[in-house]
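Asks: Sequence:
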Amino acid sequence: MRLNKYLSDAGICSRREADRLIEAGRVEVDQVKAVPGMQVENTCVIKIDGKKIEPTEKKVLLAFHKPKGVECTTDTKVKNNVISYVNYPVRVYYAGRLDKDSQGLLLLTNRGELANEMMKAGNFHEKEYEVTVDKPVTDRFISRMSRGVPILGTITRECRVWKTGEKSFSIVLTQGLNRQIRRMCEYLGYQVVSLKRVRIMNICLGDLPVGALREIKGRELELLEKTLKEKPPVREVFRGGKPVKNPGKYRTPGKKKKSWRKDS
1 MRLNKYLSDA GICSRREADR LIEAGRVEVD QVKAVPGMQV ENTCVIKIDG
51 KKIEPTEKKV LLAFHKPKGV ECTTDTKVKN NVISYVNYPV RVYYAGRLDK
101 DSQGLLLLTN RGELANEMMK AGNFHEKEYE VTVDKPVTDR FISRMSRGVP
151 ILGTITRECR VWKTGEKSFS IVLTQGLNRQ IRRMCEYLGY QVVSLKRVRI
201 MNICLGDLPV GALREIKGRE LELLEKTLKE KPPVREVFRG GKPVKNPGKY
251 RTPGKKKKSW RKDS
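For the sequence shown, the UniProt record's numbering gives the first residue as 1, with consecutive numbering after it.
To be clear, the hints were calculated from the coordinates, so they are not data collected in a lab.
Bear in mind that the values here come from a model prediction, so they are computed numbers and not experimental data.
Possibly wrong hints are sitting among the right ones.
Said to hold, decoys possible - Within a straight-line C-alpha distance of at most 20 Å, the following computed DMTMM-like cross-link-like pairs (lysine to aspartate or glutamate) qualify:
id: 1; residue 1: K47; residue 2: E23
id: 2; residue 1: K59; residue 2: E222
id: 3; residue 1: K52; residue 2: E28
id: 4; residue 1: K196; residue 2: E230
id: 5; residue 1: K167; residue 2: E126
id: 6; residue 1: K52; residue 2: E71
id: 7; residue 1: K59; residue 2: D9
id: 8; residue 1: K196; residue 2: D207
id: 9; residue 1: K163; residue 2: E117
id: 10; residue 1: K163; residue 2: E126
id: 11; residue 1: K52; residue 2: E117
id: 12; residue 1: K5; residue 2: E117
id: 13; residue 1: K229; residue 2: E28
id: 14; residue 1: K167; residue 2: D139
id: 15; residue 1: K77; residue 2: E41
id: 16; residue 1: K120; residue 2: E41
id: 17; residue 1: K58; residue 2: E225
id: 18; residue 1: K196; residue 2: E128
id: 19; residue 1: K217; residue 2: E117
id: 20; residue 1: K163; residue 2: D139
id: 21; residue 1: K59; residue 2: E113
id: 22; residue 1: K5; residue 2: D49
id: 23; residue 1: K135; residue 2: E166
id: 24; residue 1: K100; residue 2: D139
id: 25; residue 1: K135; residue 2: E117
id: 26; residue 1: K196; residue 2: D99
id: 27; residue 1: K68; residue 2: E23
id: 28; residue 1: K100; residue 2: E71
id: 29; residue 1: K196; residue 2: E130
id: 30; residue 1: K58; residue 2: E220
id: 31; residue 1: K135; residue 2: D207
To be verified - Simulated DEER-style distance windows between Cβ atoms:
id: 32; residue 1: R16; residue 2: T138; range: 51 to 61 Å
id: 33; residue 1: G218; residue 2: N87; range: 40 to 50 Å
id: 34; residue 1: D30; residue 2: C204; range: 41 to 51 Å
id: 35; residue 1: G69; residue 2: T164; range: 22 to 32 Å
id: 36; residue 1: T138; residue 2: K51; range: 48 to 58 Å
id: 37; residue 1: R144; residue 2: V32; range: 47 to 57 Å
id: 38; residue 1: K58; residue 2: E23; range: 28 to 38 Å
No residue lacks a Cβ here, since even glycine has one placed at the ideal position from N, Cα and C.
Let the hints inform the model, and build the full structure from the sequences given.
Replies: Take a look at the structure:
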């Protein structure tokens with residue numbers, strides 16, 4: 001299988017994080033520096049930073065209330081990294097990062113395929129956030145956020161946004177661009193004061209204390225697994241009054257057709 005999938009299935013990190021480790025030259029396969037797209041077998045000796053890795057046997061999925069200031073990285077040399085902070089007895093990695101300045105629900109797991117399916121933008125799985133900004137939230141702001149905002153060379157998907165206070169709102173996204181909510185707000189002239197993720201699909205943060213963990217199991221886990229097995233619904237997104245056949249692809253207004261790109 002591909003090396004990034006092997007590392008994910010082994011409970012080391014997500015596929016994306018595995019690709020980053022490989023590109024950084026931190027992974028070796030049979031004493032040879034790994035390259036992106038490399039194929040491996042179970043008999044291969046694989047090392048990260050010189051340390052041999054072994055597949056994890058016990059599979060877990062954890063909900064973690066990430067505090068502000070904790071960084072989503074598997075590099076334990078980074079100060080305040082999430083892996084060292086949690087210090088869980090079974091090796092886990094995060095699925096769907098939160099930036100350092102944000103807090104809230106973060107999933108930790110060693111179930112590679114489950115994490116991969118949850119984080120695929122093309123599956124349109126929901127993530128809900130509570131946001132406070134630096135000035136009053138207006139109807140125009142809510143409308144603009146809902147329709148999509150041009151950031152990072154694309155236009156964000158249409159989403160649900162509603163006002164919760166004079167300077168606060170909630171937003172439900174089905175994609176995860178880098179610092180997406182902060183960039184959307186900045187485009188409209190707002191600065192995020194606080195950002196908290198409260199839900200990923202059917203997994204809710206609830207009253208989990210800051211810095212605490214809980215294992216996701218029972219009916220909660222069953223519902224999650226059932227949803228992940230279902231085929232994603234066909235989503236029709238309208239741009240300029242016309243339907244977009246593939247809502248996973250957008251282009252920035254004024255760009256030529258060749259600039260179309262996936263958002264995932």
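Asks: All the hints need checking, so say for each whether the structure fits it.
Replies: Checked hints:
Distance hint between K47 and E23 is fulfilled; the C-alpha atoms sit about 14 Å from each other, no more than 20 Å. Of the pairs offered as hints, the one joining K59 and E222 holds, with about 14 Å between alpha carbons and a cut-off of 20 Å not exceeded. For the suggested pair K52 and E28, the alpha carbons sit about 9 Å apart, so the restraint of at most 20 Å is met. For the given pair, K196 sits about 28 Å from E230 by alpha-carbon distance, which is inconsistent with the 20 Å threshold.
Restraint check for K167 and E126: not satisfied, since their Cα atoms lie roughly 23 Å apart, outside the 20 Å limit. Proposed proximity of K52 and E71 is contradicted: the alpha carbons are some 25 Å apart, above 20 Å. A hinted pair counts as satisfied when its Cα atoms are at most 20 Å apart, and K59 with D9 qualifies at roughly 10 Å. Of the supplied pair hints, the one linking K196 and D207 holds, its CA atoms being roughly 13 Å apart against a limit of 20 Å.
At most 20 Å may separate the alpha-carbon atoms for a hinted pair to count; K163 and E117 exceed this at roughly 30 Å. For the hint linking K163 to E126, the alpha-carbon distance of about 18 Å falls within 20 Å, and the restraint holds. A hinted pair counts as satisfied when its Cα atoms are at most 20 Å apart, and K52 with E117 does not qualify at roughly 27 Å. For the suggested pair K5 and E117, the alpha carbons sit about 13 Å apart, so the restraint of at most 20 Å is met.
Distance restraint check for K229 and E28: the Cα-Cα separation of roughly 34 Å exceeds the 20 Å cut-off, and the hinted pair is therefore not satisfied. For the suggested pair K167 and D139, the alpha carbons sit about 12 Å apart, so the restraint of at most 20 Å is met. Taking the CA atoms of K77 and E41, the gap is near 29 Å; set against the 20 Å cutoff, the hint is violated. With a CA separation close to 25 Å, the supplied pair K120 and E41 exceeds the 20 Å bound.
At most 20 Å may separate the alpha-carbon atoms for a hinted pair to count; K58 and E225 meet this at roughly 17 Å. This hinted pair checks out: K196 and E128 have alpha carbons roughly 9 Å apart, not beyond 20 Å. Restraint check for K217 and E117: the C-alpha separation of about 18 Å stays at or below 20 Å, so the hint holds. For the hint linking K163 to D139, the alpha-carbon distance of about 8 Å falls within 20 Å, and the restraint holds.
Using a Cα cut-off of 20 Å, the hinted pair K59 and E113 holds, with the two alpha carbons roughly 11 Å apart. Only pairs whose Cα atoms come within 20 Å are accepted, and K5 paired with D49 is accepted, the gap being roughly 18 Å. For a cut-off of 20 Å, the pair hint linking K135 to E166 stands: about 8 Å separates their Cα positions. Simply put, K100 and D139 have alpha-carbon atoms about 29 Å apart, too far for the 20 Å limit, and the pair is violated.
Distance restraint check for K135 and E117: the Cα-Cα separation of roughly 37 Å exceeds the 20 Å cut-off, and the hinted pair is therefore not satisfied. As the CA atoms of K196 and D99 are separated by approximately 10 Å, the hinted pair is consistent with the 20 Å bound. Taking the CA atoms of K68 and E23, the gap is about 28 Å. The hint is violated against a cut of 20 Å. Under the criterion of a C-alpha separation no larger than 20 Å, the hint pairing K100 with E71 is consistent with the structure, at around 5 Å.
Between the alpha carbons of K196 and E130 the distance comes to roughly 5 Å, so the proposed pair stays at or under 20 Å and holds. Between K58 and E220, the direct Cα distance comes to roughly 19 Å. Compliance with the 20 Å bound is thereby established for this hinted pair. At most 20 Å may separate the alpha-carbon atoms for a hinted pair to count; K135 and D207 exceed this at roughly 28 Å. For the hinted restraint 51 to 61 Å between R16 and T138, the CB-CB distance of approximately 36 Å leaves it violated.
Distance hint check: the CB atoms of G218 and N87 are about 25 Å apart, inconsistent with the given range 40 to 50 Å. The hinted range of 41 to 51 Å is satisfied by D30 and C204, whose Cβ atoms lie roughly 44 Å apart. In this structure, G69 and T164 meet the distance hint of 22 to 32 Å, their C-beta atoms being roughly 24 Å apart. Take T138 and K51: their Cβ atoms lie about 53 Å apart, and the range 48 to 58 Å holds.
Between R144 and V32 the Cβ separation comes to about 51 Å, which falls inside the hinted range of 47 to 57 Å. Checked against the hint of 28 to 38 Å, the pair K58 and E23 passes, with Cβ atoms roughly 29 Å apart.
Going through the hint list in order, the structure does not satisfy hints 4, 5, 6, 9, 11, 13, 15, 16, 24, 25, 27, 31, 32 and 33.
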